[in-house]
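Novice: Sequence:
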Amino acid sequence: MTPDSAGPAPDTRRAGSRQPSSPTAPAPAAAVAAAAAGGPPQEDDPVVVRVDRDRCIGSGMCAHTAPGSLALGADGVAHPLRGSAPDGGPAGERLTERLAEAVDCCPVEALALHSARDGRRVAPSD
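Take the sequence shown: its letters are residues 4 to 129, numbered as in my numbering.
Worth flagging that the hints you see were computed from the coordinates, not collected in a lab.
The model shown is predicted, which means the values in this text are computed figures rather than measured ones.
Glycine included, every Cβ here is placed at the ideal spot set by N, Cα and C.
Hints should not be assumed to be uniformly reliable.
For each label pair, taking beta carbons as the anchor points, the in silico distance ranges come out as [stated by the list, open to error]:
1. R123 <-> A77: 31 to 37 angstroms
2. A77 <-> D121: 32 to 38 angstroms
3. R120 <-> G79: 30 to 36 angstroms
4. R97 <-> G122: 27 to 33 angstroms
5. D57 <-> H117: 14 to 20 angstroms
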């Protein structure tokens, strides 16, 4: 990597509703593999979580705060879990609130939450 290089691209998979076996335990390999497969953005996904893999220290605070949406992989790094919640309704609002809390509690600011529609940063708050 050259000094002018921006480094690896952030993880931009969608956050979802799969539950790991415990909030801070590594995500099951199948769930992380499914998340890595990604897929096209879903129309009803209200937000996108981006993980800076170089910055993540694997504290697990995000996975504890939003256990159905974020998990630690076997590599010790946070991974968004594939899936979505309905946008606009109570479930979508709760998901967005939990993810914003998870992003805000990251001790090294390795997470960012963006609107799936327009890319606007939702969290962390400035």
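Novice: Indicate, hint by hint, whether the structure satisfies it.
Specialist: Evaluation of the provided hints:
no. : hint                             : in the structure
1   : R123 <-> A77: 31 to 37 angstroms : holds (32 angstroms)
2   : A77 <-> D121: 32 to 38 angstroms : holds (34 angstroms)
3   : R120 <-> G79: 30 to 36 angstroms : holds (32 angstroms)
4   : R97 <-> G122: 27 to 33 angstroms : violated (22 angstroms)
5   : D57 <-> H117: 14 to 20 angstroms : holds (18 angstroms)
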